[in-house]
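Enquirer: Residue numbering for the sequence shown follows UniProt numbering, starting at 1 and increasing by one per position.
Take these hints with a grain of salt, some might be off.
Cβ pair distances, simulated, as ranges [to be verified]:
#1 Ala68 - Ala18: 31 to 37 angstroms
#2 Ala42 - Lys71: 17 to 23 angstroms
#3 Ala39 - Glu82: 28 to 34 angstroms
#4 Asp25 - Arg55: 28 to 34 angstroms
#5 Arg55 - Val76: 18 to 24 angstroms
In silico lysine-lysine, DSSO-like type, Cα no more than 27 angstroms apart, as pairs [unchecked claim]:
#6 Lys40 - Lys17
#7 Lys71 - Lys17
#8 Lys40 - Lys5
In short, the hints are calculated from the structure, not lab data. Given the structure is predicted, the values throughout are model-derived calculations rather than measurements. Just so it is clear, CB atoms sit at the ideal spot from N, CA and C, and this is done for glycine as well.
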Amino acid sequence: MSEAKEEAVKTIVEFVKAPDIFQGDLLDVPAVAQLEKDAKYAQMYQLLNIFLTQRLDAYLDFYTANSALLKSFGLVQEDCIEKMRLVWLLSLGTNESPQIPASRVKYTFVVVEFTLGAAAA
1 MSEAKEEAVK
11 TIVEFVKAPD
21 IFQGDLLDVP
31 AVAQLEKDAK
41 YAQMYQLLNI
51 FLTQRLDAYL
61 DFYTANSALL
71 KSFGLVQEDC
81 IEKMRLVWLL
91 SLGTNESPQI
101 PASRVKYTFV
111 VVEFTLGAAA
121 A
């Protein structure tokens, strides 16, 4: 059982690191789903859930609370932000009308620039 959980965590890390995979049904895979209630790995399930179902601001909140965990798995903040931006932009095209308002796109980039700028100061 422990081996399956560790493999599920590796799968999550690989998904987050992969620059060209933006969606999937990983949350429904039994080995991954069991992580949700696991004391040791629940945060990794939460990270996957953020990448698949939530927005950049949720990721930034998660990172603030769990930066050491992400670093321990070799996840780089800038790469994760870039992927979240792309996931969000791609979701606009699939979840809404064919026309995407510029204000919706601008929101993502303003939030990131503000957050990163404040962190650097």
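Enquirer: All hints, please: hold or fail.
Expert: Going through the hints against the structure:
In this structure the hint that alanine 68 and alanine 18 lie 31 to 37 angstroms apart at CB is violated, the actual value being about 22 angstroms. Between alanine 42 and lysine 71 the Cβ separation comes to about 18 angstroms, which falls inside the hinted range of 17 to 23 angstroms. The hint said 28 to 34 angstroms for the Cβ distance between alanine 39 and glutamate 82, and at roughly 31 angstroms that hint holds. Taking the beta carbon of each, aspartate 25 and arginine 55 are about 20 angstroms apart, not inside 28 to 34 angstroms as hinted.
Separated by about 20 angstroms at the C-beta atoms, arginine 55 and valine 76 satisfy the suggested range of 18 to 24 angstroms. Note on lysine 40 and lysine 17: the hinted pairing holds, with a Cα-Cα distance of about 21 angstroms set against a maximum of 27 angstroms. Taken as a hint, the lysine 71 and lysine 17 pair is honoured in the structure, with Cα atoms around 12 angstroms apart against an allowance of 27 angstroms. Taking the CA atoms of lysine 40 and lysine 5, the gap is near 10 angstroms; set against the 27 angstroms cutoff, the hint holds.
Comparing the model with each numbered hint stated earlier shows that hints 1, 4 do not hold.
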